[in-house]
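So the sequence lines, in the order shown, correspond to chains A and B.
For the first sequence, counting from 1, position 103 maps to 102 in numbering that gives the first Met the number 0; every step adds exactly one.
For the second sequence, counting from 1, position 80 maps to 79 in numbering that gives the first Met the number 0; every step adds exactly one.
No wet-lab data here; the hints were simulated from the structure.
One or more hints might be untrue.
[Unchecked claim] Just a sample of chain A residues kept apart from chain B, beta carbon distances all over 10 Å, derived:
{"id": "1", "residue": "ALA1"}
{"id": "2", "residue": "GLY26"}
{"id": "3", "residue": "GLY56"}
{"id": "4", "residue": "SER85"}
{"id": "5", "residue": "GLU129"}
{"id": "6", "residue": "GLU161"}
{"id": "7", "residue": "ARG250"}
[Unchecked claim] Pairs of lysine-lysine residues, derived as DSS-like cross-links and limited to a Cα-Cα distance of at most 27 Å, are as follows:
{"id": "8", "chain 1": "B", "residue 1": "LYS257", "chain 2": "A", "residue 2": "LYS103"}
{"id": "9", "chain 1": "A", "residue 1": "LYS217", "chain 2": "A", "residue 2": "LYS103"}
{"id": "10", "chain 1": "A", "residue 1": "LYS66", "chain 2": "A", "residue 2": "LYS155"}
{"id": "11", "chain 1": "B", "residue 1": "LYS257", "chain 2": "B", "residue 2": "LYS162"}
{"id": "12", "chain 1": "B", "residue 1": "LYS257", "chain 2": "A", "residue 2": "LYS130"}
{"id": "13", "chain 1": "A", "residue 1": "LYS103", "chain 2": "A", "residue 2": "LYS155"}
The structure displayed is predicted, hence computed values, not measured ones.
C-beta: ideal position from N, C-alpha, C; glycine also.
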Amino acid sequence: MAAPKLSIRGLGKTFISDRATTVALAGVDLDIHDNEFVALVGTSGCGKSTLLSIAAGLETQDAGSIKIDGVDIETPGLDRGVVFQSYTLLPWLSAQANVEFALKASGKSSAEAAEIARDHMHLVGLDGFEKAYPAELSGGMKQRVAIARALSYRPKMLLMDEPFGALDALTRHHMQELLTGIWERHRLTVLFITHDVEEAVYLSDRVAVMTNRPGRIKTIVPVTLPRPRRYTMAATPQFQAFHREVMEAIRSESLAAAGFGAALGPSDGA
Amino acid sequence: MRRPSKAGNFARLFTLGGRIGAAEFLGIAAAVFAVLGLLWLASTWAGLVRPLFLPSPGQVVARLAELWGSGQLMADMSISIYRITLGFLISTVIALPVGILIGSYRGWEAAIEPFVDFIRYMPVVAFVPLTILWTGTGDAQKFLIIFIGTFFQQVLLVMDNVKSVPRDFIQLGRTLEMPEWRILRGIILPSAMPAIWDSMRISLGWAWTWLVVAELVAATSGLGYRITTAQRFFQTDLIFGYLLLLGILGLATDQAMKYSGRRLFRYLEVR
Chain A
0 MAAPKLSIRG
10 LGKTFISDRA
20 TTVALAGVDL
30 DIHDNEFVAL
40 VGTSGCGKST
50 LLSIAAGLET
60 QDAGSIKIDG
70 VDIETPGLDR
80 GVVFQSYTLL
90 PWLSAQANVE
100 FALKASGKSS
110 AEAAEIARDH
120 MHLVGLDGFE
130 KAYPAELSGG
140 MKQRVAIARA
150 LSYRPKMLLM
160 DEPFGALDAL
170 TRHHMQELLT
180 GIWERHRLTV
190 LFITHDVEEA
200 VYLSDRVAVM
210 TNRPGRIKTI
220 VPVTLPRPRR
230 YTMAATPQFQ
240 AFHREVMEAI
250 RSESLAAAGF
260 GAALGPSDGA
Chain B
0 MRRPSKAGNF
10 ARLFTLGGRI
20 GAAEFLGIAA
30 AVFAVLGLLW
40 LASTWAGLVR
50 PLFLPSPGQV
60 VARLAELWGS
70 GQLMADMSIS
80 IYRITLGFLI
90 STVIALPVGI
100 LIGSYRGWEA
110 AIEPFVDFIR
120 YMPVVAFVPL
130 TILWTGTGDA
140 QKFLIIFIGT
150 FFQQVLLVMD
160 NVKSVPRDFI
170 QLGRTLEMPE
180 WRILRGIILP
190 SAMPAIWDSM
200 RISLGWAWTW
210 LVVAELVAAT
220 SGLGYRITTA
230 QRFFQTDLIF
240 GYLLLLGILG
250 LATDQAMKYS
260 GRRLFRYLEV
270 R
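Extracted from the complex, chain A is given alone in its bound form (with noise of 0.2 Å):
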């Protein structure tokens, strides 16, 4: 098999503050191929944000390794497109300039940019909407312009933390299709962090399951669902089997990190 286009040895973080020493990861461990859809789910507080944030060089590992292509990722780049939970749309740009901003810091020339600004906007189905200021966009429309500008400039791959969590049920399930769709047609290779699994299913070729705080990788369930993926599919045993075997191994997770523990007890599918 052809080297991992992501490569995680043995990542560790420790978060110490005057009041208190926080182990987020502990020993992780995780490849991602070339063009694979790779969903991160786990409780919340699991670390898996500080995972992507590692990846996307905003913060640093105190123990281990991270590569990307084999070059130890040590500071942000243009090679990685991040799309964060809160859109992060500069409120002053038009949807299409919010696109070229990226364009132009990735060292286009104007015209270039506006060229390329203007085919992404198609890609997300935003066609008329250029112009409009992300204020007179829906949360949904601002995420898709977000995803446009992190496609734009061409990364080598996404890196995307919760980017529909905001967003509302039938927005949410829109904006998976529209992923999907990206991604079949042009494959690119993604991290996705959810904690939703019904998402982290529906779009991943395999799902990795964090552990609780200090999080580590449980266990990755690879996703043989045919593609093209259809939002129909959620219904078909097949796709039930995947759903119950990340919420089982999420659930012990969740419990203990809950302070159930003892009182639910281990689930009756175990």
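Based on the hints, put chain B in the right spot on chain A.
Relative to the frame of chain A, chain B by itself:
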């Protein structure tokens, strides 16, 4: 659905988070002015208060008209406006970079913020004798008082405005490999600008106060100076007239700043 009744419509104005139309807002604001004006008119007309303590609106208007006719009013107003414009600009031009710097870098914050806080608590009025000693009683002393009264407050306000720029915006700049200064100029500054504009509007109000304080104590011209001389001659109508004028000037500049802020940062409004 039930149509909102007249009473329900009224209750909406005094409900948490309720809405109001522009015309309603203006109407209520104008009504308060009108009621207070009428009370003033009525109490003086009925002779409830001696004119020395509270002159009638007619007296005040007559006095203002007289001063306008002689050119005195215009002269007083121009010199005061000149002083506040320049004093406020000097303060703002220095406060902006300092505030942005200490809002962006913790090292600069540690160096400057505690010192600014320290000076900020010194009463500005106590600086008046010192500033006269240093710069005399001319315009420079007015600029200095406006500066001392405004600058230190502005620095802290701007610092807070810059600090409230979402962390993710800065992270976005980092992931785009933007150099520090470009993140500062291209992301932090435009992001903080609407809030900074508001801070400037608020601090302009304080600058008016310090200008008049400076003019009251030591000046040979200006609105504040005219008020002091009026006191000497018991010209209560002039004092009232100039106070009203100061109120109107303050309200006008405030509204102008608000209006231009809405024009400048139109992108924040949902159309």
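Quick rundown of the hints versus the structure:
Once the 10 Å rule is applied to beta carbons, A:ALA1 is consistent with being away from chain B; the minimum gap is 26 Å. No Cβ of chain B comes within 10 Å of the Cβ of A:GLY26; the nearest lies about 26 Å off, and the non-interface call holds. For A:GLY56, the shortest C-beta to C-beta distance to chain B comes to about 8 Å, within the 10 Å cut-off, and the non-interface label is violated. Non-interface status of A:SER85 relative to chain B is broken: a Cβ of that chain comes within 10 Å, the nearest being about 5 Å off.
Under the 10 Å C-beta cut-off, the non-interface status given to A:GLU129 relative to chain B holds; the minimum distance is some 14 Å. Listed as a non-interface residue, A:GLU161 keeps its Cβ farther than 10 Å from every Cβ of chain B; the least gap is roughly 12 Å. Look at A:ARG250: its CB is around 31 Å from the nearest CB on chain B, clear of 10 Å, so calling it non-interface holds up. Proximity of B:LYS257 to A:LYS103 is assessed by CA-CA distance (about 33 Å); at most 27 Å being required, the pair is judged violated.
Our distance criterion of 27 Å between C-alpha atoms is broken by A:LYS217 and A:LYS103, whose separation comes to about 41 Å. In summary, the hint linking A:LYS66 to A:LYS155 is supported, as the alpha carbons are separated by about 12 Å, within the 27 Å threshold. Among the hinted pairs, B:LYS257 with B:LYS162 is consistent with the structure: their alpha-carbon atoms are about 22 Å apart, no more than 27 Å. Only pairs whose Cα atoms come within 27 Å are accepted, and B:LYS257 paired with A:LYS130 is accepted, the gap being roughly 25 Å.
Of the supplied pair hints, the one linking A:LYS103 and A:LYS155 holds, its CA atoms being roughly 18 Å apart against a limit of 27 Å.
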